[in-house]
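Asker: One-letter residues, chain by chain:
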Amino acid sequence: MSELLEVRNLSVSFDTPAGEIQAVRDVSFTVKAGEVLAIVGETGCGKSVLCKSILRLLPDIARIKAGRIWLNGADITDYRERDMCGLRGRFFAMVFQNPMTVLNPSLSVGAQIAEAIKIHRPGMSGQAVDQRVLELLRMVKIDHPEERSRQYPGHLSGGMRQRCVLAIALAAEPALLFADEPTTALDVTIQAQILDLFREVQAKLHMASIFVTHDLSVAAMAADRVAVMYAGRIVEIGRVEEIFLDPRHPYTWGLMRALPILSGGCRRLYSIPGMPPTLINPPKGDAFACRNEYALDIDYEEQPPMFPVTDTHFAATWLLDERAKGLEIKAPDFGWRDAGETGAKPAAELGSRLVKQTDESAESGSRLVKQTDESVESGSRLLKRTDEPVESDIILDVQHLTHIFPLSKKETLTAVDDVSFQVHRGEILGLIGESGSGKSTVARCIMNVYRPVSGKIINQGIDVCDTKAFRTHKKLLQSSGQIIFQDADASLNPRKKICDIIAEPMKLHRVKPRRGTVRAEAAFWLQRVGMDTAYLDQYPCVLSGGQRQRVAIARALSMKPAFLVADEPVASLDVSMQAQMVNLFKQLQEELGFSLLFIAHDLAMVRFLCDRVGVMHRGKLVEISSVKELFRHPKHPYTRRLVESIPTLDFDRIGQERRRGR
Amino acid sequence: MINKRHIEVLIQKVLFFLGSVFVLSVLVFYVSRLAPGDPLVSYYGERAEKMSAEEREWAENKLGLKDSIHVQYIRWLQNAFRGEFGISYKYKMDVTEVIGGRIGNTLILGGIGFILIFVLALALGVLCAWQEDKLADRMICKVGTITSCIPEFWLSLALILIFAAALRWLPSSGAYSIGKENNLADRVRHLILPLSVVVISHLWYYAYMIRNKLLEEVRAEYVLLARMKGLCKRQVLLGHCLRNVMPAYFSLMALSVPHVLGGTYIVETVFSYPGIGTLTYESARYQDYNLLMLLSLLTGMIVISCNMLARTVSERIDPRLRMDDRRRYEEVDRS
Amino acid sequence: MRDGFQVVGIRQTVKPPVPASGSRRQGKPVISVLVLLLLVVGCLTCDIFVQRDPTYLDLAHSSVAPNREFVFGTDTMGRDIFSMIWYGGRISLWIGLVSTFIATAMAVVLGAVSGCASRRMDGVIMRAVDILLSVPSLLVVILLQAVLGKAGVLSIALVIGVTGWMSMSKVIRTEVRQIRNSGYVTASRCMGGRFFHILWHHLAPNFISSVMFMVIMSVRTAIVSESTLSFMGIGLSVETISWGSMLSLAEQALAQRAWWMIMIPGIFLVTTLVCLTNLGNYFRRRVNERHSNL
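Chain order of the listed sequences is G, Y and H.
Residue numbers for the first sequence follow our numbering, beginning at -8 and rising by one.
Residue numbers for the second sequence follow our numbering, beginning at 3 and rising by one.
Residue numbers for the third sequence follow our numbering, beginning at 29 and rising by one.
Source of the hints: derived by calculation from the structure; they are not laboratory data.
Errors might be hidden in some of the hints.
Stated by the list, open to error - Derived PhoX-like pairs (lysine-lysine); straight-line CA-CA distance at most 25 Å: (1) G/K551 <-> G/K466; (2) G/K56 <-> G/K275; (3) H/K198 <-> G/K488; (4) Y/K182 <-> Y/K144; (5) Y/K215 <-> H/K198; (6) H/K56 <-> Y/K144; (7) Y/K15 <-> H/K198; (8) G/K109 <-> Y/K235; (9) Y/K94 <-> Y/K52; (10) Y/K235 <-> Y/K215; (11) G/K551 <-> G/K498; (12) G/K498 <-> G/K465; (13) G/K447 <-> H/K56; (14) G/K275 <-> G/K447; (15) G/K503 <-> G/K465; (16) Y/K136 <-> H/K198; (17) G/K109 <-> G/K132; (18) H/K56 <-> Y/K136; (19) G/K447 <-> G/K487; (20) Y/K52 <-> Y/K92; (21) G/K577 <-> G/K551; (22) G/K56 <-> Y/K215; (23) G/K56 <-> Y/K235.
Computed from a predicted model, the values in this text were never measured in an experiment.
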């Protein structure tokens, strides 16, 4: 196979007023024709920038500082914009992360696809173009292509729009497709469908592609080779089975341990501590050192070079250096490593073993010793968690809740339809459902943001929907129940300092600060959620997504609530941040003992956090049971689909490829 | 595809229009009658001040000024339905005739001005967006801000001072030289100064609007997709961004009619240009009631219909306004 | 010797939070503010440095071109333009401020009410505003002026203020709607924030910048309206000196080709307006971190 794309020592920088951001640093890799390369890493590691810099779609402040790019043997590094226009679409195309914003809202989908066809085939007749549009729409599996092609993006769902974007990308049959987190912004059940579609199309057209994702399990499903990126560098690159079965870089270890599926039965999810550095003045030495428990002294001094492991497998870590041989540092146990190394057990068995493992949650609780040994946990708690909470008193009782939104004079939207459930004291109840299933509306009804059309919500013995009862107990309810919103970005006033944001509920309820001043109280809670008190005088705009959510949690907890509603608090974060947040919730809940209604759209995180889970579908609560029960015996078809959509590592494929000795 | 719903909407619009015109006529009628001032002065000129009491009474009876305001209004309304709007006190002619003689001039000045503003603003806005933050853009923005700050009347005075008084290149007033009513070149010469004032004082406001809207569009993600297809920057700017801005621009331009019209009125007065502007000004100052009524109604009708046009345009053309019904329920919260 | 090859684990390299990255609000309008300050201070303290009485009709020296005695010349009635500029500036700026105050008060009240009201109420108010907006303001001003009788400084300010609040109230209403639907207001409501708490702590700080822009633009519009009205002879009379009424002698000035009577007050007027616009734009310019995709 010939090299389709070759990138050598590429460095890309952004010139900003705050300084030079080195988004991509000295990156080299190749892609052969027909091959799928996955680029994996946390948000802010430069994966997207890398793709866009190859396509030259970056804004003017970005520049390629060094390195060369070859496409089909031709050096395109110095191509001018005009030359690049001829290449884009025809030789390489790209699918973007957010299908909701990437289509032009005022052009019909068909017109946008047709445009992509006509650019590269100016002579094509109108009729032929129309035919081709329909053909493309069929290829990406859009039903009723004739009608759909006349519709505007606003009429299509997210998954449908992503299919259209893919159709546009495929219009001129490019040799190389870049897919920049194409499933991240979609619902879980849709994610799986789109991922399947990608694999199918890729196989059908024998197209090479570069698949960017923050989720290792997605990479395992889609890719031939995997490159792990951190802080603008590729830290490990190799064939998919090499990366999964024999990872060498501590960052790869961290990413793998953070996969919910591999933490199996552990009581606590593993998460890499801290977050990726900002790339203005990147740290000296290995950028990962300050999050790396295996960091060597030299990591803080010198950037490690790429060490070859095999002909196709490279990793940039000093652990592979001759001098580090004596340290005997091995990768942590991922559960299948031993089997993988011997290669004796058939792959199928391997996979089933893994699934079984994740089921038996209680038993394997002590697998990852370091992370899971929590002495704080009392035996009684453990007992309560595994058993159904039968006799604990009920803190929140939702009875036949229904809420209807008027869309226009005639149409209405029944967002919540006859939903009943209870939350017990000290319990974590999960509420799952795709976007638009009414979970957020339930949360808002409970928090009295919306007044439900019918039904009862009894919060600590007080009927929230009864105006009179609500008025008399308003203070109590508002201080003892707190909510955390999905979009932490919007729920923090951009013009207030963090200190004032955390102190707002205390000031509203005139709570006497237990630690002297309000500021001290705010500082205490900020530290409690794992943030530095130096942030007290900052504004929300300097915080990252995860940090903002932490501030929102601190604000909610500062009132010592008996009951907390968390409305998709992790949805907008990437996997490693999600794990951090879930751990934080779990830890705080154990320490403070509040009840938690945790709303999410996928099961992966919920299973580690919740005692019981309710599943919502189209406004109805279709199933509610303990986590164990739900995963073992999902009853409702939608629940079954949800359980199936949890990304699993494709061990069949990895195992087969390994045996073939590719 | 005319169905019941379209007819309903149409009827609604017509009713709204008629209602607005009615309210406007009441407002203008009562306010102008309540204003102090002697309408007889405009009819009889200097003579009115020397009239005896009987003569005054006779004159007021003749002009129907004796009755109460309500009676006067109803009488005006009845006549208006028959198409009679009374006579102008000052010109002693039917008001429709007075206006008919002048409206052409205003339409020429306002119409050409409007078209020029529309086209030039578009071109300038696109140029600035294309050259964002580069020298050309910055220069145009600076100059534009200054020109948009100059009051119309002073700009007119300054231009007259320079081009008419000092340089003597162009005439300073009127629509044509006496005796050259049908001379096109002469008319054009008279039109240059007022027209440039109308254009210069409004141009930047709209060009700046286009520029800012385009800069917003250029930051949208769909630009990336369009470029990924292989479109070059110019094609993306004109074919996608500008296209998305146009509905907003159309409705803005419809809304701008009253401003341009108001500007024209001022310019007309300064240049003593025989159009409706000068006429309105005179009739308001000299209590020429019938003329004022019809002029206000005319202006109001143009403005109201332009506003309605703007609303319809932005509702119909822009599919973004029609979509995402689901999102709307976010707005319904409990107050 | 393993020269650095021993496991040390996670070492905290404490980085203080990065302060807000270099703000994109480049170019504060320093010059504009300075010029405005100079003009305002000049107008306020003109009693000290202006020697001539601006209302004194020195018919012996009418229409004198700028010279050493009359720095800016005299007008057709023999008044000294230099002193008129400063005293007239007082009136012009005063009218700008008073009418803006009236307009802002009306706009904030109606905009906030409309923004907080139910959807139907909001629709009614906004339709009414639309109708009012559709009446050419010049016409209204002329009519109102006629009703109020002989124009005084306050009556002019009132008329301009009453006709100038509509577009501002629309902007405020949109802002209120937007902020009201934002997450932090919902969050605050859940925490038990009352209306006035939310208004003061959440709404006000967030819409202050766009309101400031509208306020400054409204000062500008008011000054323009006053001068236009006075120029046309329906505003202030020639005896009440303002930049606009100074220009109402323009016709005679044109006849005499006395450029200074037109240019000098005009230049002061336009300078003030340009400075105000720059200041207003400074408030409007949002911090835009995103970069062009083109």
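Asker: Determine for every hint whether it applies to the structure shown.
Answerer: Evaluation of the provided hints:
1. Between G/K551 and G/K466 the CA atoms are separated by roughly 14 Å; this keeps the pair inside 25 Å, and the hint holds.
2. Restraint check for G/K56 and G/K275: the C-alpha separation of about 19 Å stays at or below 25 Å, so the hint holds.
3. Distance restraint check for H/K198 and G/K488: the Cα-Cα separation of roughly 30 Å exceeds the 25 Å cut-off, and the hinted pair is therefore not satisfied.
4. Annotation: proposed proximity of Y/K182 to Y/K144 is violated, straight-line Cα distance about 41 Å (limit 25 Å).
5. For a cut-off of 25 Å, the pair hint linking Y/K215 to H/K198 stands: about 19 Å separates their Cα positions.
6. Between H/K56 and Y/K144 the alpha-carbon distance is near 15 Å, which keeps this suggested pair within the 25 Å criterion.
7. For the hint linking Y/K15 to H/K198, the alpha-carbon distance of about 22 Å falls within 25 Å, and the restraint holds.
8. For the proposed pair G/K109 and Y/K235, the alpha carbon gap of about 16 Å is at most 25 Å, so the pair holds.
9. Our distance criterion of 25 Å between C-alpha atoms is met by Y/K94 and Y/K52, whose separation comes to about 20 Å.
10. For the proposed pair Y/K235 and Y/K215, the alpha carbon gap of about 17 Å is at most 25 Å, so the pair holds.
11. Using a Cα cut-off of 25 Å, the hinted pair G/K551 and G/K498 holds, with the two alpha carbons roughly 14 Å apart.
12. In summary, the hint linking G/K498 to G/K465 is supported, as the alpha carbons are separated by about 16 Å, within the 25 Å threshold.
13. Restraint check for G/K447 and H/K56: the C-alpha separation of about 56 Å exceeds 25 Å, so the hint is violated.
14. Proximity of G/K275 to G/K447 is assessed by CA-CA distance (about 59 Å); at most 25 Å being required, the pair is judged violated.
15. Simply put, G/K503 and G/K465 have alpha-carbon atoms about 19 Å apart, close enough for the 25 Å limit, and the pair holds.
16. The straight-line distance between the Cα atoms of Y/K136 and H/K198 is roughly 33 Å, outside the 25 Å bound, and the hint therefore fails.
17. Between G/K109 and G/K132 the CA atoms are separated by roughly 22 Å; this keeps the pair inside 25 Å, and the hint holds.
18. Using a Cα cut-off of 25 Å, the hinted pair H/K56 and Y/K136 holds, with the two alpha carbons roughly 19 Å apart.
19. This hinted pair does not check out: G/K447 and G/K487 have alpha carbons roughly 36 Å apart, beyond 25 Å.
20. Of the pairs offered as hints, the one joining Y/K52 and Y/K92 holds, with about 18 Å between alpha carbons and a cut-off of 25 Å not exceeded.
21. For the given pair, G/K577 sits about 16 Å from G/K551 by alpha-carbon distance, which is consistent with the 25 Å threshold.
22. Among the hinted pairs, G/K56 with Y/K215 is inconsistent with the structure: their alpha-carbon atoms are about 33 Å apart, more than 25 Å.
23. For the given pair, G/K56 sits about 23 Å from Y/K235 by alpha-carbon distance, which is consistent with the 25 Å threshold.
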